[in-house]
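Which chain is which? The protein sequence lines are X and G, in order. With numbering that gives the first Met the number 0, the residue at position 206 of the first sequence is 205, and numbering never jumps. With numbering that gives the first Met the number 0, the residue at position 160 of the second sequence is 159, and numbering never jumps.
Rather than coming from a laboratory, the hints here were simulated on the basis of the structure. Model, not experiment: these values are computed from the prediction. Where hints are given, some of them may not hold.
As the list claims (entries may be wrong) - Straight line, CA to CA, 25 Å or less: simulated SDA-like cross-link-like pairs of lysine to any residue:
1) K194(G) with Q95(X)
2) K160(G) with A98(X)
3) K180(G) with R82(X)
4) K167(G) with R114(X)
5) K225(X) with G201(X)
6) K160(G) with K225(X)
7) K92(G) with H223(G)
8) K225(X) with R82(X)
9) K180(G) with R102(X)
10) K22(X) with Q95(X)
11) K120(G) with K215(G)
12) K167(G) with F151(X)
13) K30(G) with E117(G)
14) K167(G) with E182(G)
15) K180(G) with R114(X)
16) K147(G) with H94(X)
17) K278(G) with G264(G)
18) K147(G) with D132(X)
19) K147(G) with K167(G)
20) K147(G) with N17(X)
21) K147(G) with N125(X)
22) K118(G) with T273(G)
23) K147(G) with K215(G)
As the list claims (entries may be wrong) - Covered stretches of chain X (in silico footprint by chain G; criterion: 3 or more residues with CB under 8 Å from a CB of chain G, positions within the stretch not fixed):
24) 93-106
25) 121-131
26) 234-241
By construction, the Cβ of each residue, glycine as well, lies at the ideal position given by its N, Cα and C atoms.
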Amino acid sequence: MSDQPLLRVSGVSKFYGNRIGCKDVSFDLWPGEVLAIVGESGSGKTTLLNCISTRLMPTAGTVSYRMRDGQFRDLYRMGEAERRFLMRTDWGFVHQNPADGLRMSVSAGANVGERLMAVGERHYGNIRETATDWLGRVEIDADRIDDQPRAFSGGMRQRLQIARNLVTGPRLVFMDEPTGGLDVSVQARLLDLLRGLVNDLGLAVVVVTHDLAVARLLSHRMMVMKDGAVVETGLTDRVLDDPRAPYTQLLVSSILQV
Amino acid sequence: MTIGTDDGLATYNFAYLDEQTKRMIRRAILKGIAIPGYQVPFASREMPMPYGWGTGGVQVTASIIGPDDVLKVIDQGADDTTNAVSIRAFFAKVADVETTTETAKASIIQTRHRIPEEKLKDGQILVYQVPIPEPLRFLEPRETETRKMHALAEYGLMHVKLYEDIAKNGHIATTYAYPVKVEDRYVMDPSPTPKFDNPKMHMSDALQLFGAGREKRIYAVPPHTKVVSLDFEDYPFEIQTFEEPCAMCGAQGVYLDEVILDDRGGRMFVCSDTDYCEKRREDGHRGHLAGDAMEAAE
C-alpha cells in the first residue's frame with residue numbers, strides 16, 4: 000500500500016437550486032480500499048458519487064486524484080479530453096441498471112473490447128482473446144461472446160458490465176447499487192465475484208448502496224449519509240456493530256431479520 | 000445574373016439559389032476545406048426535390064457552379080438514371096451550363112454513391128450527395144455525444160462496429176459507407192459509395208465536397224489529402240474483387256453491377272460506370288456478351 004491516498008475529496012457540496020444534494024463531504028480513499036456510502040433514498044449518495052466521478056459538477060469543493068505518475072490533479076481543472084481518457088482507462092463506473100453502462104446492441108465481446116479499442120488496440124485477435132479471458136473471469140461462458148447483452152439475464156448483464164469496466168486494469172471503480180434489482184442468490188454470487196476481483200486486482204472502490212448487507216460484505220469503511228450530510232463514518236464492522244449516530248442506529252435496527 | 004424564361008414567369012437567380020444563400024454555403028465549404036473531414040453545419044434550404052434525392056449535393060453544386068463550368072451527374076455510376084438525368088436537366092435549365100457524360104470533360108461531377116473509374120484531374124470537383132454524414136450515428140444516437148467524440152478524437156467506437164462485423168461474419172462485412180480517417184484526424188463517412196472507391200479518395204488530385212441537405216452538414220476533402228480506411232492489424236482493409244470482367248467491355252479491376260437477365264438464374268456483370276464502359280467499347284474492347292458489333296463494323 001502506498002502512503003498517499005488515491006482520491007482526495009474535500010468540502011464537496013452540490014445544491015440543486017435551494018435544495019441540497021450533498022453538503023460539505025470530505026474523505027480520502029486509499030489504494031485497495033473499498034468505501035461504502037450508505038443511506039436511504041434521497042440522502043444524496045448518488046449525487047455525491049456523481050460529483051466525485053466527474054459526472055456532475057459540484058457547486059463547491061475539490062476532488063483530486065493521484066495520477067499514475069504520482070501527481071495529484073484536481074479533476075475539475077483538467078481538460079475534458081484528459082478527464083474522459085481517465086474515466087475510460089484508470090477508472091470504472093458500474094451502473095445500477097446494466098443497460099446504462101452497456102451497449103445493448105453490440106455483442107458481449109465488443110462491449111468488453113470497446114475500452115481496449117478506445118485506447119488504441121487495433122488487433123482483432125488480441126482484443127477477442129482478452130474479451131474471452133474477461134468473460135471467463137466474470138463467469139460468463141465463452142460461447143456467449145457473440146451474443147448481445149439483450150439475450151443475457153440481469154445477473155449476467157451486471158457481470159458483463161463489470162468485465163467491461165475492468166478490462167483496462169483501472170485503479171478506481173465507482174459502483175452505484177451494483178446489486179440493485181437482482182434476486183438474492185444472484186446477488187450473493189455477484190458479491191462473491193466482486194469481492195474476489197477487488198482483492199485480486201487491489202482495486203479502490205467507492206460503492207453506493209442502500210443495502211447494509213452489501214456494505215458489510217464488500218467494504219472496509221463506510222459513510223452513512225442523511226439529508227445530504229455525512230452523519231457517521233468508520234470501519235464497516237464498527238459502524239454496523241456499534242452504531243453511534245441516532246440515524247445509523249435506526250438504519251441498522253431496520254434490517255429485516257429472517 | 001439571372002436566367003430568364005420566355006413565358007413571362009418569374010425568373011430564377013443563376014443556379015437557382017439566391018446570392019446570399021450561395022455565400023453562406025461557400026463559407027461552409029471553405030471551412031470544410033480548411034478542416035478536412037470536419038462536418039460543418041449549414042442552413043440547408045428547401046430545394047425543388049424531396050430530401051433523399053440529393054438536396055445537399057445540389058446546393059453545393061449550385062453554390063460553386065459558374066457559367067463556364069461543364070457538369071456531369073452520375074447516379075450509382077450511371078449518367079442515364081432518373082436522379083442523374085433530372086439533376087443534370089435542372090442545372091441545364093437554371094444555370095444554362097454545358098452538361099456532359101464524359102468524366103474527363105467535366106469540371107464539376109455531382110455523384111450519388113460512386114467515384115468515376117477514370118482518374119480525376121487537378122481542377123475537377125467531385126460533389127457527393129450524402130444521406131447520413133455522421134459515421135458514428137448508428138452506434139451513438141446522441142448528436143451532442145458524437146460531436147464531442149469528434150472534437151476529442153475518441154474513435155474507439157468506430158472499431159467496435161468493425162469488430163462486430165468480424166465477430167458475426169468472419170471478415171469486415173461493411174461494403175459501403177466504409178469509415179475513413181482524413182489527414183490522421185477526423186473519421187468521416189465517405190457517403191454510401193462502395194468501399195471499392197475508398198482508395199480513390201486518398202491523395203486525389205480533385206477537390207471532394209460532401210453535401211447532406213436533410214442533415215444540414217457540409218464536409219470536404221481537399222486535393223492531395225490522406226484518406227485512410229479504418230481496419231484491424233490482423234484484418235486489413237480490402238476492396239471488393241470480381242471474378243469475371245465486365246460482360247460488355249471486358250474491363251477488369253473496375254466496380255461491376257450485377258444484372259439479372261432472366262428468371263432462370265442468368266446474370267451478367269457490367270461496369271457500374273457507364274461512361275467508362277462506353278469509352279472502352281468505342282475503343283474496341285469487347286466483353287463476352289457485347290454482341291458481334293465488331294464483326295458487323297468490319
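Okay, the hints, checked on the actual structure:
Under the criterion of a C-alpha separation no larger than 25 Å, the hint pairing K194(G) with Q95(X) is inconsistent with the structure, at around 41 Å. For the suggested pair K160(G) and A98(X), the alpha carbons sit about 18 Å apart, so the restraint of at most 25 Å is met. Restraint check for K180(G) and R82(X): satisfied, since their Cα atoms lie roughly 24 Å apart, inside the 25 Å limit. Restraint check: the Cα-Cα separation between K167(G) and R114(X) comes to about 20 Å, which is no more than 25 Å; the hinted pair holds.
Simply put, K225(X) and G201(X) have alpha-carbon atoms about 30 Å apart, too far for the 25 Å limit, and the pair is violated. Only pairs whose Cα atoms come within 25 Å are accepted, and K160(G) paired with K225(X) is rejected, the gap being roughly 44 Å. Proposed proximity of K92(G) and H223(G) is contradicted: the alpha carbons are some 34 Å apart, above 25 Å. Between K225(X) and R82(X) the CA atoms are separated by roughly 30 Å; this puts the pair beyond 25 Å, and the hint is violated.
Pair hint K180(G) plus R102(X) holds up; C-alpha atoms about 23 Å apart against a cutoff of 25 Å. About 23 Å separates the Cα atoms of K22(X) and Q95(X), which keeps this hinted pair within 25 Å; it holds. Distance hint between K120(G) and K215(G) is unfulfilled; the C-alpha atoms sit about 28 Å from each other, more than 25 Å. Between K167(G) and F151(X), the direct Cα distance comes to roughly 18 Å. Compliance with the 25 Å bound is thereby established for this hinted pair.
Simply put, K30(G) and E117(G) have alpha-carbon atoms about 28 Å apart, too far for the 25 Å limit, and the pair is violated. Restraint check for K167(G) and E182(G): the C-alpha separation of about 30 Å exceeds 25 Å, so the hint is violated. Pair hint K180(G) plus R114(X) holds up; C-alpha atoms about 19 Å apart against a cutoff of 25 Å. Restraint check for K147(G) and H94(X): satisfied, since their Cα atoms lie roughly 22 Å apart, inside the 25 Å limit.
Under the criterion of a C-alpha separation no larger than 25 Å, the hint pairing K278(G) with G264(G) is inconsistent with the structure, at around 29 Å. Distance hint between K147(G) and D132(X) is unfulfilled; the C-alpha atoms sit about 32 Å from each other, more than 25 Å. Between the alpha carbons of K147(G) and K167(G) the distance comes to roughly 29 Å, so the proposed pair goes past 25 Å and is violated. Our distance criterion of 25 Å between C-alpha atoms is broken by K147(G) and N17(X), whose separation comes to about 31 Å.
The suggested pairing of K147(G) with N125(X) is violated, with an alpha-carbon distance near 28 Å, which exceeds 25 Å. For a cut-off of 25 Å, the pair hint linking K118(G) to T273(G) stands: about 15 Å separates their Cα positions. In summary, the hint linking K147(G) to K215(G) is supported, as the alpha carbons are separated by about 18 Å, within the 25 Å threshold. Residues of the stretch 93-106 of chain X lying with their CB closer than 8 Å to a CB of chain G number 3, which satisfies the three-residue condition for coverage.
Remark: the stretch 121-131 of chain X is confirmed as covered by chain G, as 6 of its residues place a Cβ nearer than 8 Å to a Cβ of that chain, reaching the required three. Coverage of a stretch by a chain is defined here by at least three residues with a beta carbon nearer than 8 Å to that chain's beta carbons; for the stretch 234-241 of chain X and chain G the count is 0, and the condition is violated.
Hint violations for this structure: numbers 1, 5, 6, 7, 8, 11, 13, 14, 17, 18, 19, 20, 21 and 26, all remaining hints satisfied.
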